[in-house]
Amino acid sequence: MNLAALQQVFSHWLVNASDEFAQLLGNNAAGLAVYQNNYRAQLVGCLEQAFPHLRRWVGEEAFLAASITHIDSHPPHAWTLDAYPEGFYATLKDVFPRNPDVHELAWIESALNEAFVAADAEPLAPQVLAELDWDTAVLSLTPSLRCHGLTTNAEAIWSALWQETQAPEAVMLEQAGGLLVWRRQFTSRLRQVDALELAALQQVQADGSFAGLCEFLVERLGEEAGVMCAGEYLATWLGSELIVGVRDV
Amino acid sequence: MSISNPHFSGYGLGLRKEHYCDFLETSVPVDFVEVISENFMVAGGQPRHILRQVRERYPVALHGVSLSIGTAEGLDTNYLQRLKSLVDEVEPLFVSDHLSWSRSAGFNAHDLLPVPYTDEALDRVCANIHQAQDVLGRTMLFENPSSYLAFDGASMSEWEFIAAMAKRTGCELLLDVNNVFVSASNHGFDALAFLDGIPAERVRQVHLAGHSQGRELLIDSHDSPVCAGVWELYAEAMTRLGPVATMIERDDEIPPLTELLRELSRARALGAQR
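Chains C and G are the protein sequences, given in the same order.
Under numbering that gives the first Met the number 0, the first sequence has 223 at position 224, and the numbering climbs by one with no breaks.
Under numbering that gives the first Met the number 0, the second sequence has 22 at position 23, and the numbering climbs by one with no breaks.
Hints listed in this document are in silico derivations from the structure and should not be mistaken for laboratory results.
Check the hints yourself; a few may be wrong.
[To be verified] Simulated restraints on C-beta separations:
(1) C:Glu47 / G:Ser223: 16 to 24 Å
(2) C:Gln22 / G:Arg214: 38 to 46 Å
(3) C:Val226 / G:Ile35: 47 to 55 Å
Note that the Cβ used here is the ideal one computed from N, Cα and C, for glycine as well.
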């Protein structure tokens, strides 16, 4: 067996732990067991570290079972273990198909992890706005921003778990909303928003145009309320350091 | 191509999250710190900020776990470029990784898997080292890993493989004394034969760590103090080596910094006796 074949057999054995591949690797049961344990313990530990509050929410046993399902079906591919938790969201949807609270908690923790090491960006200084032509202004949002729809009280659950207080029962929201995760300086932030603000922010993420944002909101709220809402959102996003650049085009 | 600080012979510790404040807010009596490269190969945020601050106060060695120098299919050029970016920013004392592989056909095991000690593997490892050193523009150090199995068909010992690798590529060595101890126990070879077999003049750095007893094998767990047998082997190693940096490597069950500094003092004392 040449080197490439040996490494492929070893990889298959780590993923499948089948006797067929173990035999191809020689009579090394004790040694292979160490590598098998290292591989799985590493990935379980990675998921536990990435989703500490989700783990508490679903319970250690259920979390471990979901982790094993994920590890068996999703071998890691990236050079960094930081990328491995990304796919767990899809597995949780399969394992907990009727628990949107679980999916949304997973999204929150995954987004917080990503935001923590996202590219740096300086918040926009307010004086930059003074001489801007708002008809042609294009806004840049912080590269750490992650947006997601919200159907449950997952934000309240996550916040309670983070503060180590009694978490509320999971309930569906009366009206779907959204979640924003981003980083201010070195601290990751989570904020629940209503559906309109989520859609407005996603509009800006898509094309950056402030005029486009106004148009989007005017269509939904009418001329006066739409323009006013755009101004309020802009002030909020500036204050939250979500906007990191602006240019005229 | 630049070589790694041939006269540096300090004593250092691995930088771990639990001790960030100690290193940033006090003057920790170490000559350098070693960081895990991949923890800082990120776009931004607190990790890079902390590393920049640490670098202002201490010399830094970069120690990787994901280069996969033994992989049959060649190196991940995206990974290499990210490492180069970090190296260019940090200007480290040393850039090291392991004589192992973790990547094959798109799969990444995230473990230090053993290389068969064959001519074919030696050719591949050397080609990969040449590529890595060319991209980084400097020599790298490669560490002997702990291993738990040996493949049939090996044509040389681990130390013969390492010696040939160093001769053919000009790479330098990171001698992990604990790994020699663990592998010698697991495979039944003479640890002193290993020390005598590697080119001592190529060793720039030494790792000391703890291990644990598994069901049948010793496990390189890095979760306990350096044991008596490893200290004895370190003393033997130091009689053979030239100027070399030594550090204590603890990755789990991280104790208070004072405990690690006590171990480092012991290393200093043994180093001074040679």
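Hint by hint, here is what the structure shows:
{"no.": "1", "hint": "C:Glu47 / G:Ser223: 16 to 24 Å", "result": "holds, 22 Å"}
{"no.": "2", "hint": "C:Gln22 / G:Arg214: 38 to 46 Å", "result": "violated, 21 Å"}
{"no.": "3", "hint": "C:Val226 / G:Ile35: 47 to 55 Å", "result": "holds, 51 Å"}
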